[in-house]
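Q: If you want the building blocks of each chain, they are given just below.
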Amino acid sequence: MTTKLIVHLRAHRTQAKLTQAELADLVGVSRKTINTIENGVFTPSTTLALTLADQLGCSVHDLFALPQ
Amino acid sequence: MPANPISRARLFGSIATVVTTLTAIIMASLSVGPSGLIWAGVIATVALGYALWSFILHVRHPKAADAAWDEQNTIAHRDSLIFGFWAVLWVFIAFLGLSVTGHMDPAVAFYWLGPVLGAVPPAHYVVSVLRGRAE
Numbered sequence: 001m002t003t004k005l006i007v008h009l010r011a012h013r014t015q016a017k018l019t020q021a022e023l024a025d026l027v028g029v030s031r032k033t034i035n036t037i038e039n040g041v042f043t044p045s046t047t048l049a050l051t052l053a054d055q056l057g058c059s060v061h062d063l064f065a066l067p068q
Numbered sequence: 001m002p003a004n005p006i007s008r009a010r011l012f013g014s015i016a017t018v019v020t021t022l023t024a025i026i027m028a029s030l031s032v033g034p035s036g037l038i039w040a041g042v043i044a045t046v047a048l049g050y051a052l053w054s055f056i057l058h059v060r061h062p063k064a065a066d067a068a069w070d071e072q073n074t075i076a077h078r079d080s081l082i083f084g085f086w087a088v089l090w091v092f093i094a095f096l097g098l099s100v101t102g103h104m105d106p107a108v109a110f111y112w113l114g115p116v117l118g119a120v121p122p123a124h125y126v127v128s129v130l131r132g133r134a135e
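Chains as they are written, first to last, in the numbering used here: chain G, 1 to 68; chain H, 1 to 135.
Source of the hints: derived by calculation from the structure; they are not laboratory data. Don't take each hint at face value.
[Unchecked claim] Cross-link-like lysine to aspartate or glutamate pairs, in silico, EDC-like; alpha carbons within 20 angstroms at most:
| no. | chain 1 | residue 1 | chain 2 | residue 2 |
| --- | --- | --- | --- | --- |
| 1 | G | K4 | H | D105 |
| 2 | H | K63 | G | D25 |
| 3 | G | K17 | G | D62 |
| 4 | G | K4 | G | D62 |
| 5 | G | K17 | G | D54 |
| 6 | G | K17 | G | E38 |
| 7 | H | K63 | G | E22 |
| 8 | G | K4 | G | D25 |
[What the hints assert, rightly or not] These stretches of chain G come out as covered by chain H in the derived footprint (C-beta under 8 angstroms, 3 or more residues):
| no. | segment |
| --- | --- |
| 9 | 22-35 |
| 10 | 51-59 |
Just so we're clear, the structure is a prediction, and the values are computed from it rather than from any experiment. Note that beta-carbon positions come from the ideal geometry of N, C-alpha and C, so glycine has one too.
Isolated chain G (complex conformation) (with noise of 0.2 angstroms):
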């Protein structure tokens, strides 16, 4: 299945007043990947997005939804 998600990443960080570097350190990723998930090119792991849900203080709904 190559569904393509919908992707509230970029909404949430910068709500939480986070560059994507400090995401980044935040959740021990590289700043590319934090890039490439706002854009919708790299899809994370379920451990990812709940790691980077937790550090948003949101769930992983909100960060991530499947298209209507």
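Fit chain H to the known structure of chain G by using the hints.
A: This is chain H only, laid out in the frame that chain G set:
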């Protein structure tokens, strides 16, 4: 350019390996410059220098190393190794055909499989970086 020192070393090390190997292949095919044995030494020096440099950086910057080998970069690296495997397989078949038909010395064919094996995965990785699929 990546801010992460490990990613930066990986990118420059990969570029250096690819450029050196391509230069060696072009020079050797044109019969210009040093012998293949010297080129083998040059390629090995570049590759081992990169490996040593990378090892030192991994020891000095463990947190940066974790970020540099995050899931996206690990996937890009794995894809490079898979591409390298298929490239070597196809080059081996091509060289086998050339050797069997007498167009290539088997010793030379065997010799050049080494650089292909070593240079194709970093070449693929550099392309992944340029395409924005890795750092």
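Q: All hints are to be evaluated individually against the structure, with a verdict given for each.
A: A quick look at each hint next to the structure:
Straight-line distance between C-alpha atoms of G/K4 and H/D105 comes to about 50 angstroms, which puts the hinted pair past the 20 angstroms bound. Under the criterion of a C-alpha separation no larger than 20 angstroms, the hint pairing H/K63 with G/D25 is consistent with the structure, at around 9 angstroms. For the hint linking G/K17 to G/D62, the alpha-carbon distance of about 17 angstroms falls within 20 angstroms, and the restraint holds. With a C-alpha separation of about 16 angstroms, the suggested pair G/K4 and G/D62 falls inside the 20 angstroms cut-off, and the hint holds.
In summary, the hint linking G/K17 to G/D54 is supported, as the alpha carbons are separated by about 15 angstroms, within the 20 angstroms threshold. Our distance criterion of 20 angstroms between C-alpha atoms is met by G/K17 and G/E38, whose separation comes to about 15 angstroms. Only pairs whose Cα atoms come within 20 angstroms are accepted, and H/K63 paired with G/E22 is accepted, the gap being roughly 14 angstroms. Among the hinted pairs, G/K4 with G/D25 is inconsistent with the structure: their alpha-carbon atoms are about 26 angstroms apart, more than 20 angstroms.
Taking a C-beta to C-beta cut-off of 8 angstroms, the segment 22-35 of chain G contributes 9 residues in contact with chain H, enough for the three needed, and the coverage statement holds. Evaluation of the coverage hint for the segment 51-59 of chain G: breached, as 0 residues show C-beta separations to chain H shorter than 8 angstroms, against a requirement of three.
Hint check: violations occur at hints 1, 8, 10; the rest are consistent with the structure.
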